[in-house]
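Now for the letters of each chain:
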Amino acid sequence: MSEMMADNENGRIGGELLSVDNITLRFGGVKALTDISFNINKGEIRSIIGPNGAGKSSMLNVINGFYKPQEGTIRFKGKNVNMKPDLAAKSGIARTFQNIALFKGMSTLDNIMTGRMLKMKAGFLSQAIYWGRAQKEELENRAFVEEIIDFLEIQSIRKTPVGRLPYGLQKRVELARALAMEPELLLLDEPMAGMNLEEKEDMSRYIIDVNEYFGTTIALIEHDMGVVMDLSDRVVVLDYGCKLADGSPDEVSSNQAVIDAYLGVAH
Amino acid sequence: MIYREAGEFKTSYAADQGLLTIPMDRWFVIGLVLFAFIGMPLVGDEYWLGSIMIPVLILAIAAMGLNILTGYAGQLSLGTGAFMAAGAYMAYKVATNLSFLPVPVAILAGGGFSAMIGVLFGIPSLRIKGFYLAVATLAAQFFLLWLFTHVDWFVNYNLSGVPAIADYHLFVDWGPLVTGAQASVEARYLFVLVFAVFLALAARNMARCKIGRSWMAIRDMDIAAEIIGIRPLHTKLSAFAISSFYCGVAGALWAFCFINNVEPGAYEIERSFQILFMIIIGGLGSILGSFLGAAFIFLLPITLSQLPGWLGLDVPADVITHLEFMVMGVLIIFFLIVEPHGLARLWQIAKEKLRRWPFPY
Ligand SMILES: Nc1ncnc2c1ncn2[C@@H]1O[C@H](COP(=O)(O)OP(=O)(O)OP(=O)(O)O)[C@@H](O)[C@H]1O
Ligand SMILES: [Mg+2]
Numbered sequence: 001m002s003e004m005m006a007d008n009e010n011g012r013i014g015g016e017l018l019s020v021d022n023i024t025l026r027f028g029g030v031k032a033l034t035d036i037s038f039n040i041n042k043g044e045i046r047s048i049i050g051p052n053g054a055g056k057s058s059m060l061n062v063i064n065g066f067y068k069p070q071e072g073t074i075r076f077k078g079k080n081v082n083m084k085p086d087l088a089a090k091s092g093i094a095r096t097f098q099n100i101a102l103f104k105g106m107s108t109l110d111n112i113m114t115g116r117m118l119k120m121k122a123g124f125l126s127q128a129i130y131w132g133r134a135q136k137e138e139l140e141n142r143a144f145v146e147e148i149i150d151f152l153e154i155q156s157i158r159k160t161p162v163g164r165l166p167y168g169l170q171k172r173v174e175l176a177r178a179l180a181m182e183p184e185l186l187l188l189d190e191p192m193a194g195m196n197l198e199e200k201e202d203m204s205r206y207i208i209d210v211n212e213y214f215g216t217t218i219a220l221i222e223h224d225m226g227v228v229m230d231l232s233d234r235v236v237v238l239d240y241g242c243k244l245a246d247g248s249p250d251e252v253s254s255n256q257a258v259i260d261a262y263l264g265v266a267h
Numbered sequence: 001m002i003y004r005e006a007g008e009f010k011t012s013y014a015a016d017q018g019l020l021t022i023p024m025d026r027w028f029v030i031g032l033v034l035f036a037f038i039g040m041p042l043v044g045d046e047y048w049l050g051s052i053m054i055p056v057l058i059l060a061i062a063a064m065g066l067n068i069l070t071g072y073a074g075q076l077s078l079g080t081g082a083f084m085a086a087g088a089y090m091a092y093k094v095a096t097n098l099s100f101l102p103v104p105v106a107i108l109a110g111g112g113f114s115a116m117i118g119v120l121f122g123i124p125s126l127r128i129k130g131f132y133l134a135v136a137t138l139a140a141q142f143f144l145l146w147l148f149t150h151v152d153w154f155v156n157y158n159l160s161g162v163p164a165i166a167d168y169h170l171f172v173d174w175g176p177l178v179t180g181a182q183a184s185v186e187a188r189y190l191f192v193l194v195f196a197v198f199l200a201l202a203a204r205n206m207a208r209c210k211i212g213r214s215w216m217a218i219r220d221m222d223i224a225a226e227i228i229g230i231r232p233l234h235t236k237l238s239a240f241a242i243s244s245f246y247c248g249v250a251g252a253l254w255a256f257c258f259i260n261n262v263e264p265g266a267y268e269i270e271r272s273f274q275i276l277f278m279i280i281i282g283g284l285g286s287i288l289g290s291f292l293g294a295a296f297i298f299l300l301p302i303t304l305s306q307l308p309g310w311l312g313l314d315v316p317a318d319v320i321t322h323l324e325f326m327v328m329g330v331l332i333i334f335f336l337i338v339e340p341h342g343l344a345r346l347w348q349i350a351k352e353k354l355r356r357w358p359f360p361y
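Sequences listed follow chains A and B, in order.
Take the first sequence: its position 47, counted from the start at 1, is 47 in full-length UniProt numbering, and no numbers get skipped.
Take the second sequence: its position 46, counted from the start at 1, is 46 in full-length UniProt numbering, and no numbers get skipped.
These are computed hints drawn from the structure, not numbers from a lab.
Cβ coordinates follow ideal geometry from the N, Cα and C atoms, glycine included.
Check each hint, because a few of them may be wrong.
[What the hints assert, rightly or not] Across the chosen pairs, the derived CB separations fall in these ranges:
#, chain 1, residue 1, chain 2, residue 2, range
1, B, L126, A, F151, 50 to 58 angstroms
2, A, G72, B, R127, 22 to 30 angstroms
3, B, V338, A, G247, 55 to 63 angstroms
4, A, W131, B, H150, 38 to 46 angstroms
5, B, V338, A, N52, 52 to 60 angstroms
6, A, G123, B, L299, 35 to 43 angstroms
7, A, F151, B, A14, 18 to 26 angstroms
8, A, S254, B, A14, 55 to 63 angstroms
9, A, T24, B, E270, 42 to 50 angstroms
10, A, D35, B, E352, 40 to 48 angstroms
11, B, P340, A, E251, 51 to 59 angstroms
[Stated by the list, open to error] No farther apart than 30 angstroms at their CA atoms in a straight line, the calculated lysine-lysine pairs in the DSBU-like style are these:
#, chain 1, residue 1, chain 2, residue 2
12, B, K129, A, K84
13, B, K129, A, K90
14, A, K159, B, K353
15, A, K104, B, K353
Extracted from the complex, chain A is given alone in its bound form (with noise of 0.2 angstroms):
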């Protein structure tokens, strides 16, 4: 709690940048999420947690526009979005999904360069003769990705196909991909799923550096307790589509209702 404020003073959580307001989300006759609030200010890291089929992902799907839900609104920027995935992306919402979203035919490099798709505006004629706008942006960007690729410390799988790289690896190419992106609010959804203990540090460090050194804004999914009481600022608790607890890792750690529904089941 203390460590919180002295970053509030320091300036890394700024005003609020996302709200949530009362989403409800059906789907038939199931509830993913009902009448769901909370928000998430600029440069915090923002975790949501809850046992499976609680809603989590549900929520990032409706954040960066994959879902509509019934009722309720999201506001980015303090702005009301009824968004769509590819002006979610134009706004700066990036994301990574639970079960790994690359794209399997291409190398790494060219997955991490997709992320610049929309910084980059050469027309398709100065493309196809490799001239002008074209070579000039391809060689830009390319500059900008080789410095994610340093950061992510995946210099030496740069040429290989993303379909032959261990579980892992994928997970950080992904993550490389959607800071490409330079988001202004980064999702992501269970990135140390299936990771041994050692790369889940190296995924720590790397989601703490980004919103360190870069100030992105990440709400973060994850089922390890440990690692989100370490990283987060601030916790919401789902299950079964309902919000539990919202609050400081602590809080939400002693909240009875949490540790009935949560943390007495998982562990």
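Here the structure of chain A is known, so what remains is to put chain B with the ligands in place on it, guided by the hints.
Below, chain B with the ligands alone, put in the same frame as chain A:
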């Protein structure tokens, strides 16, 4: 160590982004292109240039077109023949009715018209995928061919329905004859070659730029493509447009520089399948593969029919035809199952082997 890749270090991203980053590759391709432009017209006779090189190059252009759509963007199409026909008929209309335009412009206009038709028939691709999209393009194949053969406007009300292509100079009434029966085979060959080289270069450039990556992204995983800001419809339609442009140019060249008339039979469904087999055997998502596949599929029946003669055997013609079908079938199944990246991938493996030669590992 005949072929070297190691030891070649790039010191800038510009060098690493280059088209042919390995000097030996670069020299090989430059040598090949030089031979195609200078050596081939000198050594090739009427038969080699006119009956093999011209059709192979034209089919390679169509194969590149289909490869852009199917190999890069992942949208299966059986309408290649019809898109070629669209190019041929429109190029004919432009060449005959706007005769102040040079013939290369007429051929490019054929490509442009085909691109528009491609976009139109590409619209369903937003909703339907794979097999169902293939059926939709099949409908395009039959509908378009029916249209071109039943609306007399397309053939300038020619009674035979198969209008001949006039002899056109390169630039209206200046330069060598490049189309029609009077044009020399060398001129027609070089004319087609210029199209093939420039279109291949453009395709390679697009493949390594933003547009190529967006096609591959849509092919590999369309939902992930959307979250990085790729618009699926826009991207798919751009693939349909550019693919059909290539096919249209190929169809026009077929009429103008190879058979010297606009013959609908050249653009039937068999043509669509032939081009599809070319990219399967040549290599999906490979420009080089489009050329290899075109040459292979075009030369296979010719070779098979000549083979018994070379070996001094007496095999009846119908047996050879059957043999052709069987060999083709086996090859397609082989490549689909064992090597979806086709001849282009085998070529790459051969290079890797050469690099290590004489060491086995
Ligand atoms: N596209 C969909 N169609 C139908 N039901 C869905 C769909 N997506 C999610 N659901 C349902 O919504 C509920 C919440 O699922 P969600 O994937 O959001 O859970 P989660 O909290 O991410 O779980 P996990 O920890 O397993 O990833 C589940 O009951 C799930 O079956
Ligand atoms: Mg989930």
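Hint check results:
| no. | hint | in the structure |
| --- | --- | --- |
| 1 | B:L126 / A:F151: 50 to 58 angstroms | violated, 36 angstroms |
| 2 | A:G72 / B:R127: 22 to 30 angstroms | holds, 28 angstroms |
| 3 | B:V338 / A:G247: 55 to 63 angstroms | holds, 58 angstroms |
| 4 | A:W131 / B:H150: 38 to 46 angstroms | holds, 44 angstroms |
| 5 | B:V338 / A:N52: 52 to 60 angstroms | violated, 40 angstroms |
| 6 | A:G123 / B:L299: 35 to 43 angstroms | holds, 38 angstroms |
| 7 | A:F151 / B:A14: 18 to 26 angstroms | holds, 22 angstroms |
| 8 | A:S254 / B:A14: 55 to 63 angstroms | holds, 57 angstroms |
| 9 | A:T24 / B:E270: 42 to 50 angstroms | violated, 56 angstroms |
| 10 | A:D35 / B:E352: 40 to 48 angstroms | violated, 59 angstroms |
| 11 | B:P340 / A:E251: 51 to 59 angstroms | holds, 54 angstroms |
| 12 | B:K129 / A:K84 | holds, 21 angstroms |
| 13 | B:K129 / A:K90 | holds, 26 angstroms |
| 14 | A:K159 / B:K353 | holds, 19 angstroms |
| 15 | A:K104 / B:K353 | holds, 25 angstroms |
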